[in-house]
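J.: Take these sequences, add in the hints, and give me the full structure.
Chains as they are written, first to last, in my numbering: chain Z, 105 to 435; chain L, 105 to 435.
Hints listed in this document are in silico derivations from the structure and should not be mistaken for laboratory results. Among the clues, some could well be false.
[Said to hold, decoys possible] Below, computed lysine to aspartate or glutamate pairings styled on EDC-like, alpha-carbon distance capped at 20 Å: (1) K240/Z - E367/L; (2) K240/L - D114/Z; (3) K240/L - E406/Z; (4) K240/L - E117/Z; (5) K240/L - D136/Z; (6) K373/Z - E235/L; (7) K240/Z - D136/L; (8) K240/Z - E406/L; (9) K240/Z - D114/L; (10) K106/L - D169/L; (11) K240/L - D116/Z; (12) K240/Z - E117/L; (13) K240/L - E367/Z; (14) K373/L - E235/Z.
[Claimed, not checked] Each pair of labels, with its calculated beta carbon distance range: (15) E329/Z - T138/L: 33 to 39 Å; (16) K328/L - E329/Z: 39 to 45 Å; (17) K328/L - Q431/Z: 50 to 56 Å.
[To be verified] Covered stretches of chain Z, as calculated for chain L (at least 3 residues, CB under 8 Å): (18) 203-212; (19) 239-251; (20) 260-268; (21) 384-396.
Ideal placement from N, C-alpha and C gives every residue a C-beta, glycine not left out.
2 protein chains.
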Amino acid sequence: MKSVLVTGSDIDESYLSRLRDAGFEVHNPTQDLTEDELIEELRGKHTYLLGGLERATAGALESADELELVAFLGVGYESFVATDVATRRGIAVTNTPGAMVTSVAEMTIGLMLSLTRKITWMNGRLKQGLEASPGKSSDLRGRTAGIVGLGAIGAQVARILTTAFGMNVIYFSRTPKPQLESDLGISYAPLDELLRSADVISLHVPTTAETTPLIGDKELVRMKETAILVNTARAEVVEPGALRKALESRSIAGAAYDGYYIEPLPSPKDDPHGLLSLADDVFIVTPHVASLTHGSWNGMSELAVESIESFFANGTSDRIVNPDYTQHRAK
Amino acid sequence: MKSVLVTGSDIDESYLSRLRDAGFEVHNPTQDLTEDELIEELRGKHTYLLGGLERATAGALESADELELVAFLGVGYESFVATDVATRRGIAVTNTPGAMVTSVAEMTIGLMLSLTRKITWMNGRLKQGLEASPGKSSDLRGRTAGIVGLGAIGAQVARILTTAFGMNVIYFSRTPKPQLESDLGISYAPLDELLRSADVISLHVPTTAETTPLIGDKELVRMKETAILVNTARAEVVEPGALRKALESRSIAGAAYDGYYIEPLPSPKDDPHGLLSLADDVFIVTPHVASLTHGSWNGMSELAVESIESFFANGTSDRIVNPDYTQHRAK
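T.: In structure tokens, the structure reads:
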């Protein structure tokens, strides 16, 4: 019988039952694990569903002699799993792409409307007993959205903005995607042109050397004074000093972030970037929670369990991120 | 030459030019008018575009001897225009329905997402230097929305929620609308059933004797504990004491309002309804600004100017709300 370590407290019991039904012995410590505890827990386990906050460090993977698969719950496994060590030891690593598209796209629209319609600002003023006369705002309909990064999330945001909100959508990505263009009725624009034309700019790029930061002084000055920036990617995609300058000088109208440069977030008075003390009509922020919905977690759990089932039934999985692991497989 | 009084400061100059080009002499005092000032301004005017905050009172209309048309900028003319007096004096009254559909529908989605995804709550906590760990929220996709009132705005909200957000939409209205049902892929439900089944309930009914209030204790207890109520209609559609009780006892999850029972809003400590002191994860509110966008105002101005042009060119307009005025017409 194969045995599986499942970490974290957020995986629904139904998925654990499904693993048991598929013949796995399931261990699910729900507390946060130290590296030493993880090493201990991994002893004798054949697979490891990483759903907690711990890291699958080099040390943990080196000593996991029976381990064949790390199924990471989420997309950005890079900072959680010492993938090079896994590969060298013949351990496959999977992630769960796609499951959070809906929740991140919906959060993006929510942040966009909260900022452009000043919902958060007005509510905050009124709850403090202050007057809130925002003046006229602008509808999304008929205006131009610029989507930066047309992966699954960017495409879903584009789809919502064209079909439901009647926006004109342009996008920038390293590689133009003509099929998606015609499916969605959107068009490609070089980044500079997108920055100059869009009324609402939404960032959906992965974190790479080229995208951290992608948006700095040079890019922000190209934006319209009436334009807003929505960032549900990673904070680091935008250079914080440049953003603060642009917001303080009102050279752009506002920014909305899901996720900040420092997490957990500091108090505004301790924020080295000075964005958290800006008023809510200019800057709003949530912790990095766009994917934290029941739908996303169930979707990710589904994919992780499916990867485990497939890996042990068929010897592989569609979601393996380190295909070279096979070259180092002892068995 | 016909002369027109245009009140308010928010009508774009291009619409005034268009009236001049159509042969009208345009008077546009932009300050707020008292009743006496309005009586004075209406002297000798043939038409009156009511775009300010003043009321076309019985007194003002009684003394407006040349007046043939009051073109009200907005939908809810009832509290602004003494329509019975206008009718008796043979004065036509028009309003501008439809122009605010986009902006109110978009605001509705914004409030819905701000509340369900706790955007406003998280931002408020973080800006105060407090921790904001909301736990998992729920996607809109796959859940059920209940639209109460399927006029132009309710239908547009339904359209957005089905096409872009993949929600299952049910609606209640006095008269079932089978054509809209099949166009939008939605289905009718009696109010009780809608209240019991929906995860998100959005109110889009006009203010009538039956709808003030439509939602009280009896209706709120039918709602799911996880459901939220979005009210961009009028606050009075919901009985405030019943709502407060439901929110405080968590028998429903939250409510989001555009417009309050008292405007301008009181300070939370002076709020007789006690809703303004509830936390932002339970109750959020904006002043009644859902229609306050450039798009709405231009749309309303367009319709009002078109009504004036049509009335004086053809003797009538599609948007006359008091057709009986003709029976009292002297000329």
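J.: CA of K240/L to CA of E117/Z, is that 20 Å or under?
T.: Since the Cα atoms of K240/L and E117/Z sit roughly 16 Å apart, the hinted pair holds (cutoff 20 Å).
J.: Taking 20 Å as the top limit, are the C-alpha atoms of K240/L and E367/Z close enough?
T.: Judged against 20 Å, a Cα distance of about 18 Å means the pair holds.
J.: Starting from the hint 39 to 45 Å, judge whether the C-beta atoms of K328/L and E329/Z obey it.
T.: At 44 Å between Cβs, range holds.
J.: So if I understand the rule, the pair passes when the alpha-carbon distance is 20 Å or less; does K240/Z with D114/L pass?
T.: holds (9 Å)
J.: Closer than 8 Å, Cβ to Cβ, for at least three residues: run that test on the stretch 260-268 of chain Z against chain L and report holds or violated.
T.: With 4 residues close enough to chain L, the hint holds.
J.: Is the Cα-Cα distance between K240/L and D114/Z 20 Å or less?
T.: Within the cut-off at roughly 9 Å; holds.
J.: Below or equal to 20 Å on CA atoms is what counts here, so check K240/Z against E406/L.
T.: Satisfied, since the Cα-Cα distance of roughly 17 Å is no more than 20 Å.
J.: Are K240/L and E406/Z close enough, with their CA atoms no more than 20 Å apart?
T.: The given pair, whose Cα atoms are some 17 Å apart, holds under the 20 Å limit.
J.: If you draw a straight line from the CA of K106/L to the CA of D169/L, is it 20 Å or shorter?
T.: Within the cut-off at roughly 14 Å; holds.
J.: Count the residues of the stretch 239-251 of chain Z whose Cβ falls closer than 8 Å to any Cβ of chain L, and tell me whether that reaches three.
T.: Contact hint for the stretch 239-251 of chain Z vs chain L: holds, 8 residues under 8 Å.
J.: Would you say the C-beta atoms of E329/Z and T138/L sit inside 33 to 39 Å of each other?
T.: holds (37 Å)
J.: Keeping to a limit of 20 Å between CA atoms, is the pair of K240/Z and D136/L held or broken?
T.: This hinted pair holds, its Cα atoms lying about 18 Å apart.
In summary, the structure agrees with every hint in the numbered list given earlier.
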